[in-house]
Every structure is written in structure tokens, then in C-alpha cells.
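**Q** Using the supplied hints, reconstruct the complex from the two chains, each of which is provided in its own coordinate frame.
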Amino acid sequence: MKRPMTLKGNNCVFGLLMLLLLAPLTQVSAETAEEKGLAIARELERRDDGFGDARADMKMILTNRQGEESVRDIRLRMLEVPGDGDKSMSIFDRPADVKGTAMLTWSHKVEADDQWLYLPALKRVKRIASRNRSGSFMGSEFAFEDLGSQETEKYTYKFIKDEVLNDLDCMVIERDPVDRYSGYKRQLVWIDKAEYRLQKIEFYDRKDSLLKTLTYSGYHQFLKQYWRAEEMLMINHQTGKSTKLLWSDYHFGNGFEENDFTHNSLKRAR
Amino acid sequence: MSWFNKTLLLVLAGGINTAVTAAEWSGHVGVEARQFVEDPLYAGQQHNNQSLVFVPEFYQQWQDGRFSLTFSPFMRQDSSDTERSHVDIRELLWLMVGDGWELRAGLGRLFWGVTESQHLVDIVNQTDLVEDLDGEQKLGQPLINLSLIRNWGTLDLLLLPGFRERTFPGTDGRLRLPLLVDTDQTEYEASAGDRHVDVALRWFHNIDDWDIGLSAFDGTAREPLFSTGLDAGGQDVLIPYYEQIRQWGLDVQLTREGWLWKLEAIRRDSATSDYQALTGGAEYTFYAIMDSDIDMGVIVEYLYDSRKELATTPFEDDVMLGARFAWNNVQSTELLAGVIGDLNSSARALNIEASTRIGDSWKLAARARGFAGLNSSDLYYPLRNDGYLQLELARYF
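Chains as they are written, first to last, in numbering that gives the first Met the number 0: chain L, 0 to 269; chain W, 0 to 396.
Isolated chain W (complex conformation) (with noise of 0.2 Å):
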């Protein structure tokens, strides 16, 4: 049992015992489904799968909000993989509110960037892969965090105690590489593994148009490498690997009119690659289109990583098209679409995602994957035959 595992279960018990007293629930429950469009590729793989979500989310505040606590666990139960089957804690923050300053500490989850198609700057939280490709999902990060608001803008202090693992589909999940990913293996470059504590800050400003961070961060790599090994059963897996890395990071939003205009650039050095990345780009919205009350933006990124073909992500020289629907509807329906391609290559990954809400409290979203002209070369060539239909009917309150 990790010390995750451990603190989880000393928390969920506490949350039940602060749950007697007086205070908000919110959240949601749904199920979800998906339809795997092709034969699966490896065996145990299923064509399709169902699962059950609970993000339940517990909020007090004391003192007119200058103090307050947020619990919020997560849990999926998942038909067919156990490793999409998880436990989560995404918040269980302390928050206080000073004059000029704000302290969280527990666990959190934060958001540094703007662009849309991948978010290079963002990197205190662990990405939740079991639950999406795209690394929107984040796990909850022990972390304590000062933030200065001052008439220079806003400096946030980072100290984050603990190292939270990225998540792998299990040997019946999809969207998932040929060998397993074993995690009972895992290693680090730090001696302290898991418990090395990473640092992070970052400075961030808007002058007039001008929404503009800048960060660094030093500690565990949240992505890891991997090296073939064999598990206990003396089957054949990768064994993932986390560097101690430092990230220098810029983002940039400029806001005018229609426009909104985005970059964001990193800077990652460790022991095996020093690189440079970007994602930048401009959305631009169209309003009321042909006389309906139809908004419609149209998104451009451009994404590049100076490692060229040895890049860890599929995206060194690739374009994203997007569009994205808003009806302004009282059902608040969207809609976006969104393709990105290899400039190099035929390589195209497809994502349609849509969702409206169903009376007052009831949200129906339904999003399509897709993979194709995949070479062997290709990181998400393993994936070539995951492409898939998913819904999800949730319930809020």
C-alpha cells in the first residue's frame, strides 16, 4: 500500500465524520458508455465497456469565506478494466484568504495555460490517463501553495510534498500500448522516489489585453520514460522511469475583439534531453451566425518539440483545426471538433465532443475518437484501431 493509498483511506474517513455537520455537497454521478469501433488489438481487450462515475464535492467556508475547506474524491468502477476502476482524491484543500495573499494546503488541482489542443505549461498535477487521452483529467496533488496578489501581478509559491503516478490502462483496457504498464516497478531518479519534494512558482499578470504567466519548476518529471522489463508473472512490461527534470514555462494570452491569441513555449532539461516546445495559435468566434443565435469559433495551434521524432508526445510538428458550436440555448448545448495533423506524415487524430444538459440537473455528453494514417513510427500507432463512441449521462447536484 503506497502512503497514497494510506492518507486516502485516513481522509475518506474523516470526510464521512465532517460530512455529519451542516455544510454544501455538490457534484455529480453518471454512467458512461463506450463502443469500440474496431476489432481490439491485443488480447483481453473488450469492444466495449460501461462504467459507473461518483465526484461527490464537500465545501464549508468560516469567516465569510476567509477560511475554508473543499473535499472532493473522486471513483470510477469500470466493466472491464480494473486499472480504470480507481480511487481518487482530486481536492482536499485548506484554504485561507489574507490581505494580499492567499495558503492552500492538502490536495489540489490547479491550471496554468491557455491553448487548447495540449497544455504544455501546465505541470503540478498528474494526468489521470485511465480516464482520457487528452490529459485534462488530473489527479489531486499534495501541495501548499502561497499566492501574493499584488499591484505586479500575482506570484504563486509552490512546495509539493509527494509524487502522484500517472495512471495506465489495465491488460483489458484500450487506448493502451502492446506490453503493460507495470507500475509495481516503478523508478526514479531521486533517491527519495516518491517522497522528493518538487518546487514550483509561477508569476502571472494581465495588462490590459495581455493575460501573461511565466513558471519554473524543479522536481519529478510527470511524465515518465520506459524500459522493457518482466513482471512478477515473468510476462514482458514497460517499467516507467521519472526523471527529475527542471521546466522553464511561458503562456500568453492577447484578447481583442474576436481574437483571442495564444503561445505557450517550455523549456525542459534532465539528465537524458534537454528541449524546447510550443503550442501556439489564435481562436477566432464568429457570433450569431447566419442570423441564429449560434456562436461558432474557429481554433488554429500550431504544436512543435525540438526532439523532432524523439519526441515522448505525438505532437513535434503538427497543426490542430478545431471548431467549436455554441447554440446559447437554455439546454447550453457544444459542440467542438477538433483534428490535429502531422505536417511530416498522414498521421491524424480525430475528436468530436459534444454535450447538453436535460432539464434542470441532467447533462448528456457524447464524444468520438479517432485514429488515422498511423505509421509504425508513430507513438499513437499502437492505438491505430482504438477509435471509439462514448456517452455519458450524468446527474448533478
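Same shape as in the complex, but just chain L (with noise of 0.2 Å):
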């Protein structure tokens, strides 16, 4: 950019006009890293709006220590509920002893979800407490709040990087949970700048050491918009367990509808 010092003439107009031209540039880096995060939040939230509803399987491979490994099938059912969170139902296949309990899922943006579980041996659906955010979901490494619905409400942001991961230009960004139950002081979360996908996230427990990190790979795109990865790892470095998501099956435009997600579709849920 050629500086107006050297221009002659017109020079208090030229200059003025210059700072006008410049005024939106000079705005853009003065966005916080904060609003630079947020908006990189809802960006990635934005490209994933509108899908309406899904179905997909999901395979949980449990690897222990020893590396010992024990497997959960759990089918999945998800509807968007714009203006709130999504509600979702779990139905799990294996372990044997587990099959045909189900979980129904009420996400909301700010306040607590609501679920409920179905047990099948007692024909009963109990409503859970779902402040227990940070738990293990079965015996995994994935605690609830890493498989509920992500809304952009549930963390405040920070934009912290320009980063390479895997060949892909990423940004990364700090989230920190708003939900004071939450297992977590933080997470650092890789995004790619061409797709908006979640490449890596890195969370960090309540003492702010790094408790787990979550890899995404095998991304496919459905409707020619929405990205679903095929695997995710959770390793858990303290320890040495780490469990691994096969998703497939990934079915979008099933006509889910909400009486599709209320008490009675969880009992009879198979």
C-alpha cells in the first residue's frame, strides 16, 4: 500500500478519504480474540444448521490400559429443534445385557437437558439428573457433555491461532464451558478454515492439565452440506484408556418429527 505521505496535492482530502476506506479494516483487527472465537463458533454452527434430522449407528470400542478392548452398538436418532437444542434418542444394542435401554435427550441452549432412560427389564422410564454433565457415558472416555448437542451457548470463546494440523490450514480456538458442572476448565478446539469441521479438540480438566484429546477423521459430506466424521478417538493421557466412535449408516431426511422423541416413543424404542 503506497503511503499518502508521498501524495501531493489534495492531501488532507486524500487522507481523509484514506482513514474512511481504511475505517473497516482498522475494525477488523481491532476484533477481540474473544469476538474472533465467537464468530468462528457460529460459523461452525451456522454451516450445520438445517439438517432437519438424522439416524446413523455408532460402534464405542473401549480399549483399557492392557489394551483390552470391549464394544457398545448404539443406534442413534437426532432432530433439530430450531431455536432450542436438539433432542436425540440412544438406543443401545450391546452389551447384551443393555439391550433395549434407551435414552432420550432434551438439549437445551442454556439451561439444563432433560433425559430420560428407559429400562427395559422393568418396563420403566426414569427421569435422570442431567447435572451429571462430566460423568463416563458406559464406561468410556466420552463424559456426556463430549456427545451432547454442541450449541454455540453452552462455552464462552477465544480465538488463540492460525495452526497447520494434517496438511489443513485450521484456526484454533479456546472454549471454556459456561455450565459450572462441566468436567472441564477448558478445550482447545482445531477447526479447518475451508469446511468448518472439528479436527481436534484438547480438554483440559478442572487443574488446567490436559485430561483428553478427541481426533476427528473419515469426514463425508451429506446433502451437500453437512460434515459427519466416520472416527473419533478420545485418548485419555491420564490414563493410558481411550475409546473410538465408528459412525456409519449416516441417514438424513428420515421425516423425524417431535412425537417421534417424547416418553412414550423411548418405551417402545427398538
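Every clue listed holds true.
Simulated restraints on C-beta separations: (1) Asp48(L) to Met95(W): 31 to 37 Å; (2) Ala193(L) to Leu363(W): 47 to 53 Å; (3) Ala38(L) to Ala104(W): 54 to 60 Å.
From the structure, some residues in chain W lie toward chain L, with a derived Cβ separation under 10 Å: (4) Glu23; (5) Glu56; (6) Thr69; (7) Phe110; (8) Asn124; (9) Thr254; (10) Trp258; (11) Leu259; (12) Ser331; (13) Ser354; (14) Asp359.
If you only want the chain L side, here are some residues facing chain W, beta carbon under 7 Å, derived: (15) Leu61; (16) Ala95; (17) Lys98; (18) Leu121; (19) Lys122; (20) Arg123; (21) Arg126; (22) Ala128; (23) Asn131; (24) Gly134; (25) Gly138; (26) Asn263.
Hints were generated in silico from the structure; no laboratory data involved. Built from N, CA and C at the ideal position, the CB exists for glycine as well.
**A** Structure, rendered in C-alpha cells:
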């Protein structure tokens, strides 16, 4: 850019003009790290808006420090609820002793999620306290809050830096959970610039030491818009245990309605 | 042979035929061993018993779950008690799902209520008492159930054609009364006997943190009264008598942060008594106690029955204290310990149950039950020597 000082004549007017022209740019560079972080999170959410509904199969492979594996098979159904958190139903197929167990979650943007569990042996639906966000999901390295609906409002944000990760230009943002019952002090999130997909999350515990790393791989695009990872690997650095999620059979546009995510539909979920 | 046994045979035969078509089978098979701590009080009773249990479930759905059929028989073979060796159909149920409604027909089970210590509101299914004292094991009930799902809640309308008698331990069984219950002489207030058609309805709704149910039942009581008599061999026996009752029920749960606040209340009217009963209390969960992954829930419930000493349940002015532990580990290890104590006497009933998964498809469950401080006026007095330890190993498929 040429410097106005080198110009002669209508120096003053030109300077004013330049000032006006530069004003928007100046504002961009004055955007705080918090604003930039929030903008990225909003864009991430915006790109996932309008998926309507989805279903998928999830295989969860738990590996302990000795390398022994155990497997859980879960089917998921999700419904996007405009203006609120998503509704979801998880149906357990394996291990066999929990087959038929199902969980209904109505997530919310800020307030606590509503959650019901169906226990087939007693034919009983139990409403459960969803305060337990930091608890392990089925003995895995995923906490309930890691698997829940990731509404923008659930965190505050800060842009940290740009970084290349696995040959992808990424933005790194920090997000701090708003919920005081969260198990984390903060998370570092790597998002690729091209498609705004989550690539990696580092979870820091309440004492701010690195607890877990989640990496996403095998992204596929659905309905020419929505990216979903085929594999999510969570490694717990403090225990040496890990959990791998393998997603398959993604289907969008199933025509799910609110009535498919009720107390009654929970009892007959198969 | 009762109408139920005939139906059972027909259905079992039918079930084997449908099994030929490819569908989903699941369930479990288990072995159970019970060791009683003290000597038996009544002739014929044993110090221990072992049994085999088989609970398969067949499920088939059509049109993406809009129609489905569930068939779940139940079989137990017990080493000592012939009454505990029994067969039942827990479920043989057709389900049709429409837009805002569901229709179920056949033999089914359902659960109403929220509390842990006892289940006052849950009235549709008969208790399979030989399975367990806790009243949570239920017999399949013939039913036609229309559910209307609306924005003002869910309304369940139930027609219950046919009655299931409560099961009772036999001569050799522990956990029984001094006199045997003679179910061959069962009497009913209704002239139609076990073919009386009961009706029930329930409205259920969840509003924010609240889950609320209101229910009504009109028909044959699930809980019998007893008179003494003689059996065919001239022995003194108890003869069950099932009254006609009308019951109103309320069940409410408020879920807020780590708290679950629970209340169940009933009003029951019959020819012999009109009374109210309630169970109310709270459960609070401490998460990740002492920096472990273990969650500990503390449960306190108060149990009341307006009939006081005349109550047909042992809990008329009692408090239940319980603790629930969940290890949140790969084996899903859990433990629940509870004691119900009478506020006016030293009577206590203790229960501890724990379970853990072994490998992918085995489950080991343990239970200990005991009674303490019982007086001769307590309903559980005849069970005072029947504290036991139980282990069950089951294979799920």
C-alpha cells in the first residue's frame, strides 16, 4: 500500500478518504480474540443449521491400558429443534445385557438438558438428573457433555492462533464451558478453515492439566452440506485408556417429528 | 387348567411357529443360588435352593416400527419349591403406532410410578411374588391399551380382560407364611371371577422439570385378602380373596440439578376398607465422589398407610434409607443398599443388591436380604428367619 505522505496536492482530502476507506479494516484488526472465537463458533453452528433430522449407527470401542477391548453398539436418532437444543434418542444394542435400554435427551441452549432412561427389564422410564455432565458415558472416555448437543451458548470463546494440522489450515480456538458442573476448565479446538470441521479437541480438566484428546477423521459430506466424521478417537492421557467411535449408516431426511422423541416413543424404541 | 394356562399353551405353540421367520431373538439364561442364613421355621423348607431361569424375547417389526410383535416367555425351574418353578408369558404384545396414538393388544407389562422403596401407583400388572419380595417382578397382563399422545400430555386408556392371580411360595419354599396359600380355592368378589374386565386410565405429562401422572383403576384388587380354611387333604390353608376396588393414583417427580423429588399417593376404596397411602422422598446424587468415577446417590423415602396396624403391607409409618453406587466403569458395576425401618418399632428390612458385567455377555448379580427386630405383630414376622444371600450368573444373548 502506498503511503499517503508521498502524495502531493489534495493531501488532506485524500487522507480523510483513506481514513474512511481504512476504517472497516481497522475495525477488523481491532476485533478481540473473544469476538473472533465466537464468530468462528457461530459459523461452525451456522454451517450445520438446517440438517433437520438424522440417524446413524455408532460402534464404541473401549480400550484399557492393557489393550483389552470392549464394544458397545448404539443407534442414534436426532431431531433439530430450531431455537433450542436438539432432541435425540440413543438405543443400546450391545452389550447384550443392556439391549433395549434407550435414552431420550432434550438438550437446551443454556439450561440443563432433560433426560429420560428406559429400563426394559422393569418397563420403567426414569427421568434422570442431567447435572451429571462430566460423568462417563457407558464406562467410556467420552463424558455425557462430549456427546451432547454442542450449542454455541454452552461455551465462551477465544481465538488462539492459526495452525496447520495434518496438512489442513486450521484455526485454533479456546472454549470455556459455561456450565459450572462441566468437568473441564477449557478446551482447545482445531477447526479447518476450508470447511469449518472439527479436527481435534484437547480437553483440560478443572486443574487445567491436559486430560484427553479427541481427533476426528474420515469426514464425509451429506446433502452437499453437512460434514460428519466416520471416526472419533478419544485418548485419555491421564489413564492411558481410549475410546474409538465408529459411525456408519448416516441417513438424513428421515421425516422425524417431535412425537418421535417423547416418553412414549422411548418405551417402544427398538 | 385355567384359561391362562390354556392360552399359554396355544401361544407357546404359536410362538414356535413364528420363530421360523427371521427376526430378532434376545434375552438371557441364568443360574441362581440362594443360601438362607438361619434354620427354617416350617416343615419342608430348605437351607438353600438353586434354580435355572430362561427369559428369551422375540421381536419383529414391520413398516419401520409402525407395527410390531413382542413375545417374551419366562421360565424358572427351582430345586426345592415347586411353586417357584413356573412358566409365564411376560409379553405377547401387538403394537400399532399411528399419528399421535399407539394401540397395544395382548399380554403386556407396564410400569407407573417414580419411587424406589415401594410401588403404590403401579397397579396394572400382578406381582410375581415367588420371584422376589420387592414387588418389581410382574406377570403378563391381558390388555388393550390405547395411548393418545397430545400436546397436553399422554392419555392411556386400558381395558384389562382377565385377571392374573398373585403367585405364592409352596410347602418347600422359604419366604412364606406358616400356612400355605391355596390358590385352588381362590375367591372373588366379582361374580365373573378371574374373567372380570377391569378398566384403568392414566394421564401423564412432563412440564419443564416436572413429570406428573394421574391414574384411576376400577376392578379386581391385585393384592388379596386371606381367610383360613382347609385344603382337599384337610390341612389348614389360607384362601385368597380378591376384592373389587377403585384406586386413584398420583405420581410426581421434580428433577432439579442433582435432586430427584418423588411422590406417589393413592386412595383406594373397597367394600372392606377405604384408605390412603403415600411414598414420598428424595434422591440426591454426589458425582465423582473423592475424585473417583463413582457416583453415589442417597435416597430417603417416607412410607405411609392410613390403615396403620391394619395395613396389608408392612410399611404403614416407615422410612427407607438407601444408597446407590455406580462405578461408571466398563463392567457397569452397581450397588444399591437400603433399609426400611418402622418408626414405631424396631422392625427393619434390609436389602443389598449389586451387579457387574463379565466380559461382553455375562452378568453376575448378588443380593442379600435380611430382617431384624420383628415383633409377632409385624407382617414380616413369619419371614424372620428367612434372611438370605443370593448369587445369579446370567448369559445374555
